[in-house]
Every structure is written in C-alpha cells, then in structure tokens.
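The lines below spell out each chain.
4 protein chains.
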Amino acid sequence: MLKVGLLGAGRIAGVHATAITAHPGSTLVAVSDYLPANAEKIAAQYGCAARSTEEIIADPSIDAVLIATSTDTHSGLIEAATSAGKVVLCEKPVDLSLERACACLAHADKTGKPVMIGFNRRFDPNFGALKKALEAGEIGKAELLSITSFDPAPPPVAYVKVSGGIFRDMMIHDFDMANFLMGAAPVTVAATASSIVDPEIGSVGDFDTAVVSMTYADGRIAVIKNSRRAVYGYDQRVELLGSRGLLQAQNMLENTVVKSTADGVTGAKPTYFFLERYMPAYAAEWAAFVEAVKGGGSMPVTLRDGVDALAMAEAATASAKSGGAPVRVDSV
Amino acid sequence: MLKVGLLGAGRIAGVHATAITAHPGSTLVAVSDYLPANAEKIAAQYGCAARSTEEIIADPSIDAVLIATSTDTHSGLIEAATSAGKVVLCEKPVDLSLERACACLAHADKTGKPVMIGFNRRFDPNFGALKKALEAGEIGKAELLSITSFDPAPPPVAYVKVSGGIFRDMMIHDFDMANFLMGAAPVTVAATASSIVDPEIGSVGDFDTAVVSMTYADGRIAVIKNSRRAVYGYDQRVELLGSRGLLQAQNMLENTVVKSTADGVTGAKPTYFFLERYMPAYAAEWAAFVEAVKGGGSMPVTLRDGVDALAMAEAATASAKSGGAPVRVDSV
Amino acid sequence: MLKVGLLGAGRIAGVHATAITAHPGSTLVAVSDYLPANAEKIAAQYGCAARSTEEIIADPSIDAVLIATSTDTHSGLIEAATSAGKVVLCEKPVDLSLERACACLAHADKTGKPVMIGFNRRFDPNFGALKKALEAGEIGKAELLSITSFDPAPPPVAYVKVSGGIFRDMMIHDFDMANFLMGAAPVTVAATASSIVDPEIGSVGDFDTAVVSMTYADGRIAVIKNSRRAVYGYDQRVELLGSRGLLQAQNMLENTVVKSTADGVTGAKPTYFFLERYMPAYAAEWAAFVEAVKGGGSMPVTLRDGVDALAMAEAATASAKSGGAPVRVDSV
Amino acid sequence: MLKVGLLGAGRIAGVHATAITAHPGSTLVAVSDYLPANAEKIAAQYGCAARSTEEIIADPSIDAVLIATSTDTHSGLIEAATSAGKVVLCEKPVDLSLERACACLAHADKTGKPVMIGFNRRFDPNFGALKKALEAGEIGKAELLSITSFDPAPPPVAYVKVSGGIFRDMMIHDFDMANFLMGAAPVTVAATASSIVDPEIGSVGDFDTAVVSMTYADGRIAVIKNSRRAVYGYDQRVELLGSRGLLQAQNMLENTVVKSTADGVTGAKPTYFFLERYMPAYAAEWAAFVEAVKGGGSMPVTLRDGVDALAMAEAATASAKSGGAPVRVDSV
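Chains as they are written, first to last, in my numbering: chain A, 1 to 332; chain B, 1 to 332; chain C, 1 to 332; chain D, 1 to 332.
Next comes chain A alone, as it looks inside the complex (with noise of 0.2 Å):
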C-alpha cells in the first residue's frame, strides 16, 4: 500500500485525493497547505492528517508525495522532496522559467527518485485509444497532427499577468500532447497569434487566440490551435492524418439526446470544463503513477517531458512576439 502525502488543498488537490483514496493499493495519509485550514477540511473529508509540508517531507513512513501547489513552488518542492527520497507526481507545468526547470531536472536526477508530471490529457481514454490505434499501424506513417484546444472562457487578466502567457500556461498541454503522439520533439515552432478576444490580454503582453506550426526532423507537421474563449464548451480535439488513414479524437459531450425541431437537429454541447472532461483521466493517472511505482519501472511522463514541453512554449512565445518567424526549439 503507497502512503501518500498531499502538498496542496485547493480544488485540484481535491480531485487527487479521490483518486488517491479510490485506488486500491494507495492510501492519504496527510495534506498540507499554506492555508491550513484547507488542509484540514481536506484531512476530515478524507480522513488524514493535516501537517506542514516539511512535515510531510520529513516522514521517512510517507512513500510518495502528489505536488499540487502554486506553479511557482513546484521545483522546490521537486528538488526537496526527492532529496528526502519520495517518489514524486508534480502537476503541470515544471516551473515557468525554463533555466529553474532545467536546473530541478539535473538535481532530481542525481537523486535518482523518479518524478512524475501531471500531463493528464496523456491518460483521457479518447486520446489513448487514438495513440493506442497509431501504434497499432491502423493509419500507417503519421503525416499532420493538428490538435484543437479551446477554453470556455478567458481567465481573469490579473491571473494572465503572472500566468507566463498562453504558450506557458494552456498550450503547454498541447506541446506536451503533440510530444506524446508524434515521439519525439519538433525542429522548430512558429507561432502567429492574437489577442481578438479580450484587447485587455493584449495589452499585458498576452494573446488569447493562437495558431502554432511546427515541423519534424522527418518531414512531418503539426499544427496547435488555442482560444481562451468556446463559448460552447471545452474543445478538446486531436486528429492525424496518417499514410493510411485519420484517426480523431472528438469531444465528449454532456450527454447523448439529441432533439429535432422546426429549428434543427440539436445534441448536447461538449463536457464544459477540465474536471469534467478529464475526471476519468485524473483516476488513470494516478493508477499510472502507482503501477509505475510498483513496479520500480520508468515514469510514463517524466520530468524530461515536462521541461521539452516548457522549452516548446519558450520557443513559441519568442516566434510570436517576434511574428511568427520559425524558431528552433535547441535555441532556447
């Protein structure tokens, strides 16, 4: 049975500790938060300790750490953690600077602990039948992936201020989707992008609306689409043109009615949100994370992913703010 220790108790961290407590072979054993009295509605509700972090890491009985705090602490935590020789699964992203990530990756390395990044969209069903299906050869030699990512609505601006920008904060789950389809890191990124959504991201330095191209050292292509705003929902959608074939994964829907009036023919608009369309991802993940632990195996993303995918958003911020001019990724 893996003991589990929480770092973090906000809404994400909720989700965790369903996962945690549902899987059979791993149990919460104590939270913390910078507010502790969020760690400790977190504690009753699922019946753990409430501790400080340091706490937490010190617990030579604790055999796993889930990272769900502030971005800006999460290579901290990394290194900290797997000093103390925990097992670790970080959320996303590694770190907003690319130099700290780089510099946490060296460090857990020589600990030798295998840390996990929590790239959820990797464990969706939809998006693992479509890789499953790939690597079956159903669609021959990959060609074009094109890969559909849409919020149902734009952050406050205060948030997109310290967010490190669209590329860092919501198209780094594309980066890193693109990175686990295609096997391997694009040459370089271009990246053309806007902000016709909200002027006001504009005028912090943000987009809200960007088209990403990037080119294979085999000739293939991938292109990113990200809009803050789909009024209709969350647009999650991946397809790939193969030598043999297109494989897509669409979105998950609310439900399955479909109604036909005078007016047309009307189904239900897409699951709304990240904890509705990927709740069943978050459970796979983890149960990922503990087989993976289990059996002392690598990690199925790994802290290198994470910092590919932040050198990625590094080069396509660049490409944009400089108009979209290709720019390789080894530049960065």
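Calculated directly from the structure, the hints in this document are not laboratory data. The reader is advised that the hints may include incorrect statements.
The list makes no distinction among identical chains, and a pair is therefore deemed to hold if it is satisfied within one copy or across any two copies.
[Unchecked claim] Dumping the calculated DSS-like pairs for lysine-lysine here, alpha-carbon to alpha-carbon at most 30 Å:
| hint | residue 1 | residue 2 |
| --- | --- | --- |
| 1 | K41 | K141 |
| 2 | K41 | K321 |
| 3 | K141 | K321 |
| 4 | K161 | K141 |
For this one, chain A is given, so just place chains B, C and D on it according to the hints.
Okay, now just chains B, C and D, sitting in the frame of chain A:
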C-alpha cells in the same frame, strides 16, 4: 449521516457499496450474504462489518438497508426491513409473482416506511435529460415512444429457466422506462416474440427477441424492442416523437475516436454492458435515495412502480404466449 | 433508344420526365393528362408531343409507358398498355382494391409484358447500401427489422378520405421496403393505431400514427412505425439487427453544417419531403427500368410486389380496426 | 435564353455542358477543343455545334463563353472573349503568373465585360450555409478560421512539375474560400510545407503537405491544411470560431448507412473526389452566373478574386521556400 446495511455481496452489491461510501451523506456499516465469505470480502474492502441479514435488520442503529440479494428473497426482505423500521432501496424486480409483489406492497404500505425500487435507468443522465426536455415542452405533446434495448449476449439457458422470462427479467426495465417517460401506465400490451437468437431458449418456453406495442388511454402509442444479442454491445436507446419534435437518447460510446481509412469511417462501440453504461446512474440513484430519505418526502421510484412494471410484464407474457393479441394491463 | 410515353402531367410526372430525358438510353416522345393544359406544359418544357392517353397507348412506335396518373386509373392503364404491347412503369400503389389489383396482375401476366411498380425507395442509395451489406453477410442472419417512416405534415382531410387509409396510402411503401429487405412476405400483421395527431383524421375513419408488428415463418420479426407529422422533416430510417451486427440507414440532411453555441450543438434537419430525399432514387429507378427492358430480364420491382404490399396493407387495416389482434396476410 | 459557347471539351467541360443544358435560362450552342474529336463528342451528346475557338469568340450571336481549357490559355482567352463583347465564366486559376493575371484583369476591366472565375466551392451548399449563418450573426464575430482540404491521392509527378506548385494548384481554392468567408484578404501568409507523402514531389521542388497561417488587419487568424493524400477520400472541411460559437462544415458521405459489429461502428467514407463532392456546386455556380448576367449586376466571384487568391499562393510559395517566415501579401 445515513447508516446503511447492505444485504447481498455479489457484483451489483459491490457497485452499491462504492456509491454508499462515496456519498458524503451515507456510510456503509454492515454487509451480509448467504455465503459469509463474500460478505467478509466486501467488509474488508469498504471497512464495515460482515454480519447476518437478521442482525442487520434487527440493529436499531441502522437507518436503511439496500437489498441486492437474489430476486426470490426481495419481497420477504422488504417486509422484514420495513417492519423493523428501515427505509429500503431494493434491486428490481420486486418479485417474479405479481400476487406476491402486491402482498409485499400492502405490507410495506402498512408500515409506512418508504421503499425505493432500483430502476437505475431512470437516473441515467441521458434518459434524465430526455425526460427533462419533454417536461419543459421542447417537443410539445408526446405521441409515439420507442425503446430499443438489446443485451450484448444471451444469458445461459440455466438462468433463462428461472428468470421469469424475457418480459419479467429484461423488458421490465423498459416497461418502467415507458412509465417514467409517459407518466402513465398503458391500457393494453401486445407482444410479438421469437427465439430466433437461440432456439434452446425457445425450448425452455422463453423468447430472446420481442416487440411489444402498448396503447394509452389518450391515444399515445409506445413500442419496445428487445433482443438478447447485439454483438456490438449494450444497445440502449429511446426516442419519443411529439407534436413539435423528436427526442432521442443515443448510446454512450467507449471513446470518441473515429478512424477514416480506405475501408470506411469507424468509431467506437457502445459501452459493453450495464455496469459500464449505467455506472453514473447507480451513483445518481443512491444520491436520489439519500436525498429522498433526508427530505422525508416520497421516493423517486416507488414499490408501486415496481408492481406496475411487473403487471405489464405479466400482460406481455400472456400476449406473447397467446400469439400476440393485445392484453389489458388491468386484467392481470 | 427507348421511346417513352408519359401518362399524367402532375408534379411527380415532372420528376419522371427529367429522369427519362437525362438518361442516355431513353427519350420522352409524348405526354398526356386529363387536363390537356398540363400535358402541353410538360411537352413544351421537355420537347415532346402532348397527346391523348389513348393515342399514346395505341402508338406502335412507343415502347414504354410511365403511368403517373391518379391511383384509381392505374389498374386499367396497366391492362390497356400491356395489351397494347408496351412495357410499363407504374407509380404505386397498383390499386386501392386488392381484388382489382389481383385481376390486373392476372391480365398483365397473360400479355407477358413486364410491369414495374414504382417503389422508388428501393433505389435510394442508402437503403440500397444497407441491402447490399446484408446480402454480403456483413451482419450475419437478419433477425429484427425496424422501419421508421414519418411524413413532415399530414395531408388535408379531404385527401385522407379518398386515400385508402394510412396503411394503403403511406405504410405501403414501408411494407414493400420490408419485403425488399427481408426477401419474404410476413405471415402475420398486427397493427396498433391512433389518430392523436389530428382527431379529424380519426373522425373520417383513418389513423395518423401507427405501429405494425410482423412475424415471419422463420421467426424473424419486423416493426414499422408511421406518423403523419414529424415537424422536423421527412424521417426515413431503417435498422436491421442481425446475428453479427446492426445496420442502420439514417436520414439525409439538408447540409453538413454544425453550429456550437451556448445553447447546444445544432445541425441541419433531414431533407424535407420525398422529392428532396428521393430525387436520386427516381433517377436510379428509371435507370433500373431501362436496364431491365434492354436486358430482357425480369423487372427489379414487379406487379406481384405491388400486390403483395397491398395485401399487407389490407391485413394491417383489418388488424387496426379490430383493436390490434394479428391478422394472417394470406387471409385477406 | 443565354447562348453559350464552351471552350474546351475535357472532363470538367462535360460537367459544365450538363449544367448549361439543364438550366432553363441558358443553351449550349457550340463547343471547341484543341483536339477536334473531343469537341465533336460533346457536340453530339448535347446537341450543339463543334467549332473552332476563334469562330465561337467571333460569333456575335453567342452571348457568353465558358473557358474550360488548360490553365496556360486562360488569360489570353479571357482577353479575346471580353474584347469580343462576351461575358465569361473561366475555370480557376486565372493564370500561374501573377503578373500575367494582373494584365488580364486590366484588359478585362477596360472592356467592361464581366468575368466570373470558377471557384466552385463558394457554391457548395455546405459552405454556403456556413457563410449564411456567419452573416446572420449566429456565432458573433469571426476570430479563427480553419480549412482542411485533402485530396484522395497525389497527381502524377509529371503533372506536379507543370502545376505551379501545391499553393497555386491546390491551395488556391482554399485561399479563395478564406477570402469568401473572411470578407477580406490577409496581411501575411506563413507556410510550413513538406514532401512527406512522396519524396519525388519534393525532388521536383514542390510540396505535398502544407500548413499555412494567415493574419488579418483586425487580429483574426486563419489556418489552412493541405495534403495530397487522404486515402479515405476527398476531405473538405471548414470550421470557424467566433465570439459566440463555432461553425463547422463537415464532409458529405457516400451514404448514411452505419454498421455496428463486434469490430466497431462503421459509416461510409466521404464522397471520393471533387466531381462527386462538388457536383451540386457546379450547377449552382452556373445558375449564379446566369442570374448575374441577366441581372446586369456584378459577378458573384470576380476576376479580381482570382488575382487575389493567386497573390496569396505566390506569398505562400515564397514563405515555404524560405523556411516558413511570414510574407506580406502586398509584397508579391
């Protein structure tokens, strides 16, 4: 916090144990089974006591019992539990004998304790959304209801023999769905049936394929189609034509991946069987039970509903055995 | 080049005139109508002669006649045309009287001239593809057939009075579709019917909503649903469950545009009515007729097929009027 | 009645001949081809004269010419026909040389005779419905346009060599679609391209897979994806994200049959290629031309539109050859 005793420890009991445990307003305190080892397994997994059925029913600290035992014990356990002052959620059907079910209903009514019958499909989010749209007047007045309900594979003939027949064992869910959506019982039931899937099912006096037409006092019509074998999975669809449109609840699919190749465009199959399809419905069913108990109001599905569906199954059986002539439901 | 005379100059005659003209192997030489002005209009548009029905039938240079007049004239014109040595394509139904239709069949058989009945739906590319997949064994052995066939709006009551009733006027197409797909006539027909859409239709002795169940000698079952009103358009669907799968022919839509907004995801309605939906079928029907005539072989839809469908309509009418008990088709 | 001369007698000329003949307001009077036998074949089939191109252009009784000859002759024939006082419908593209196309535009403008360019996709009922919904404000303000346009199979390399390249030969249709939907030309075009489908296409200096991002003066973004090979058929989709929703025009399918088996749920493929997919568009295009000529108003697609699309193709070619940096459209 509602204290719950679970009677029965088979596969469906496990589903209920999870729902009871996951609900913030209820807790599982004891479980029983005619095979004590089964009860002990559930008890260990969910942290409750394994006891005898008699002890659970006699324990005044237990508020509610969930009956998930074999059908032949339902009526007796409902009577015992309501006599002991418990509120009850009992798996369908109430009984295979309409006479016995009526006696059980009379008994429970005398105790004044509410009994809910586990017609889980009423809590499926898709059928629920269809019902809600109907009640909101989105298709005007209902006129013609169609229910398609196919199992993935027939049960063993040994089970068929003791099942009460396709109408009491399988279509009873669809009879209840019709009552749920139409808001009234039909006047007549006419059944056309065959054992084309497996002649051995016919040789033990049952059918594996059936079409039932039902008429309502106000001129509405309903038709239910059942087959014991749809090799592509569990096919559970409803459509309802009204004066201003059509509502359809379609199947839920295993995933949203679509593959286009030279051979055609292929998507995932429907979720395989009732546990996959109705897992969200079981949780919603339990939540509705807890809410009804706490609110002190009436049950969302009553023991009377269970008797009504059984009467329709009886009428359908009589119609099918007589070659398909309509049978009045109030004649059985 | 097949020289064709067209009897009738109404709306459906215009559709046939286009098909005859567009086909490289046939030419329209003459048209007649009981209102000569109508015939002259068609003649001007398609560059042919307006003549009397008698002249067309008597003209030895005309090879084929297409009968698109009112139903009560079909039998007589088939007899006259075949006696005159013409091959005939006649719109459905053969007649409203089964006895008269049988006499017509006997007459035509004696002349030895082939007569095709215009069950245009057999030539719909969707139903054709379904039939082809069935014959290729793609779903194994057929077991349960469902036909949904809803008109967009009921006809005037004045028309209903002389129509022969819903089974002879509307469901006859579906009876023929069942025969086409099942490859055999049913043994019994049981009809449940109502006039819930428009009570005035009931007051003239007809129905506007009906469900017909049919049994076959080998245990197969079919069910047909008809409604005179589906406000969202012409709803024409077939599904067939077999031992190894399900085939569905779905509606054709006005276009492929899908709109996702805060209100839901909306697509186009089904094509409105039979001219829109079956326009490709009319051209294919004519092509099949020309090919059959040139090949000297048997017609793809025979006069016998027309009589068979009429017998089923008669049985269904008897069943509905008697309250829904099954009626043997060979008893009418 | 518009008297029409057809220049060219190849496959696409046949499609136009049918449209001209079927339209009640136009008649085909003459056809020419550089191979007289081809022209004679068309003349026999459609009942018109086979003549020389010079004779057709010089004949004052001919009102309009439809130019369906090889691309290198378009500009010259447009100039000759407008000089002779004809109205013109010319197949796309105007020319492979932007300079030559501009000269042709200047020439035609001087004659004052209207010229329509055959961007047939504007008349596809699906793209038309999307445009109409956009103009009706159904998704608010457009923000992000995506066009997917894949051919079923690459053309022979011999054709590729003289085609002008993927941007002038294939994507030019998509550039025009973008202009049609966005109602403005883009400011910059950035092209990422590869020859991953067939390296031989790369060896003659062209690409077979390309992604083009375009920016607009008001912050809107468009992206076009092209591939020369989608083995499942002709993939022609558009989606447009706006401030209040998303519009998608999906593929048309060969039929509506869906098969569910143990292997999955399979539907028909997209219609195979442009003749199947855009057949209704060719008829609608011709109807729009006739209507414009009769109304004396402006053409629905102008020679200027043809020049605009060619300028975008030129910019995209420059961008792709330079490694993907954005190119201003007004710089070419």
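To see whether the hints hold, each was checked on the structure:
Taking the shortest alpha-carbon separations for K41 and K141, neither the intra-copy value of 50 Å nor the inter-copy value of 44 Å comes in at or below 30 Å. With identical chains, the CA atoms of K41 and K321 are never at most 30 Å apart, being 43 Å at best within one copy and 60 Å at best between copies. For the identical chains of this complex, K141 and K321 are inter-copy neighbours only, at 25 Å across copies versus 34 Å inside a copy, given an alpha-carbon limit of 30 Å. For the homomeric pair K161 and K141, the shortest alpha-carbon distance between copies (26 Å) is at most 30 Å, but the shortest distance inside one copy (41 Å) is not.
Of the numbered hints given earlier, the model fails hints 1 and 2; all others are met.
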